[in-house]
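Here is how the chains run, residue by residue.
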Amino acid sequence: MAFKGQIVIDTEHCKGCGVCVPVCPMKCIELSKEVNGKGYNFTHTVNDNCIGCASCAMVCPDGVISVYKKKI
Amino acid sequence: MANTDIEARKQELLNEGYEQVYTKTKVLTDTVMHYCPGCGHGTTHRLVAEVIDEMGIQDKTVGVSPVGCSVMAYNYFDVDFQEAAHGRAPALATAIKRLNPDTFVFTYQGDGDLAAIGTAETIHACNRGENITMIFVNNGIYGMTGGQMAPTTLVGMKSATTPYGRRVDLNGYPLRITELISTLPGTYYVTRQSVQTPAAVRKAKAAIRQAFENQKLKKGLSFVEILSNCNSGWKMTPVAANKWMEDNMMPNYPVGDIKVDGKLVDNVDVSRLALDHPLTVMQ
Chain A
1 MAFKGQIVID TEHCKGCGVC VPVCPMKCIE LSKEVNGKGY NFTHTVNDNC
51 IGCASCAMVC PDGVISVYKK KI
Chain F
1 MANTDIEARK QELLNEGYEQ VYTKTKVLTD TVMHYCPGCG HGTTHRLVAE
51 VIDEMGIQDK TVGVSPVGCS VMAYNYFDVD FQEAAHGRAP ALATAIKRLN
101 PDTFVFTYQG DGDLAAIGTA ETIHACNRGE NITMIFVNNG IYGMTGGQMA
151 PTTLVGMKSA TTPYGRRVDL NGYPLRITEL ISTLPGTYYV TRQSVQTPAA
201 VRKAKAAIRQ AFENQKLKKG LSFVEILSNC NSGWKMTPVA ANKWMEDNMM
251 PNYPVGDIKV DGKLVDNVDV SRLALDHPLT VMQ
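Quick note, the sequences are listed as chains A and F, same order.
Just so you know, the working numbering puts the end of the first sequence at 72, numbered straight through with nothing missing.
Just so you know, the working numbering puts the end of the second sequence at 283, numbered straight through with nothing missing.
For reference, chain A alone in the conformation it holds in the complex (with noise of 0.2 Å):
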C-alpha cells in the first residue's frame, strides 16, 4: 500500500525559513529563487514524491503548509 500526497503552500504568508527542507524524506521541497510580496524566497514542490507523511507540515512554524493524501 502505497501513498500519494499532495500539498498545498500559502506562499504569500511562508517566511522562506527553509525548516521543511531537510526534514523531507522524498526531498520534495525547495526554496523557490522567486520571491512572495514579502521579499522572502517561498518554498514550492519540485516533484512528484510526495507521500503525504506531513513532516514539513510539522514543523513549518508559520502552519502555512497543508497536507493531503490517498492511497494508490
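Treat the hints as calculated values from the structure; they're not laboratory data.
It is possible that some hints are incorrect.
[Said to hold, decoys possible] Restraint-style ranges between C-beta atoms, simulated for each label pair:
1) A/Leu31 x F/Arg9: 16 to 24 Å
2) F/Asn15 x A/Phe3: 12 to 20 Å
3) A/Lys71 x F/Asp80: 35 to 43 Å
4) F/Lys218 x A/Pro22: 37 to 45 Å
Virtual Cβ for every residue (Gly too), placed ideally from N, Cα, C.
Position chain F against the provided structure of chain A, taking the given hints into account.
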C-alpha cells in the same frame, strides 16, 4: 496564491479523492505572526492551538501572555487572553484559575520572563501547586530586545552583553529552572521538549496535551519547557540554528520527562543532574 485560490485548490484535491492529513487549526487566527522566519515560537503556538482544538476547550480556555517575543500571543490565538506584567503571568493565571475553576488556564512565557524577572512568581505558583499549565519557551537568549544574555544562556555562548562568551566567574551558571521546580512538591508534571524535527514536534504536542489534561485532575501544576532556536539572536540561519541547538543546548538541557504524575522519573536524579550532564564550554 491568494486565499481564495488556496481554498479552491484544497477543494479540488478533496474532489479528486484525497483526504486531508493536516491543515492549520482554526484556533489560530489568520494574523501573520511577527516572529522571525523559523522561530520555534510559531511551532509552539501551533501545538498549543491544536491541543485546545482537539480537546474542544476553545471557549473555556484563558491564556496569559508574557513580556518578551511572545508578548503579542493574544493576536494569534482565538481564545480569551490576558496580558501580564513582565514575569507576573503565573500570578495572574493563579487569580484566573481560582476565580473560574472550570476554565483551562495556561501561561506562555519565555526564558527572560519566566526564569529571570518572574522567578519569584514562577517558583511560588509551582510551590502552591496551582492547577494551571505553564508553557516555557527556552531559547537561551533575550530575543526581543536584541540578543542579550539570559539566565539560561550557555557557558561560553556569545550574546550582545557577553561578546566574548558567558563566563562563570563573572556571569554565573546557566539556570536550569525546569529541574529546579521539579523538586517542588506542588508540581505534578514537568517535562522538557523541543520542536526542531517532526518527531520532536509530535512528542512536544503529546506533552502539551498531557499538561492540559492534568488540569482536569486538579493535582497540581503542569510545566512544559520547549527548547527553541533563536536564529536572529544566535546570528544563524534557521536550519543551522536548529543544528546548533541539538549540538549545544541539548547536552545542557537534556530533553525528556522529569516528573510524571507527581513523581520524579526514575532515571532522572535531579540532585545529580549537573554531574550527569556537565556544562559544556563552547569554543
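Cross-check of the supplied hints:
Between A/Leu31 and F/Arg9, the C-beta spacing of about 20 Å keeps the proposed range 16 to 24 Å intact. Distance hint check for F/Asn15 and A/Phe3: the Cβ-Cβ separation is about 18 Å, which falls inside the suggested range of 12 to 20 Å. Taking the beta carbon of each, A/Lys71 and F/Asp80 are about 41 Å apart, inside 35 to 43 Å as hinted. Restraint check, F/Lys218 to A/Pro22: a C-beta distance of roughly 42 Å satisfies the suggested window 37 to 45 Å.
Checked against the numbered hints given earlier, this structure breaks none of them.
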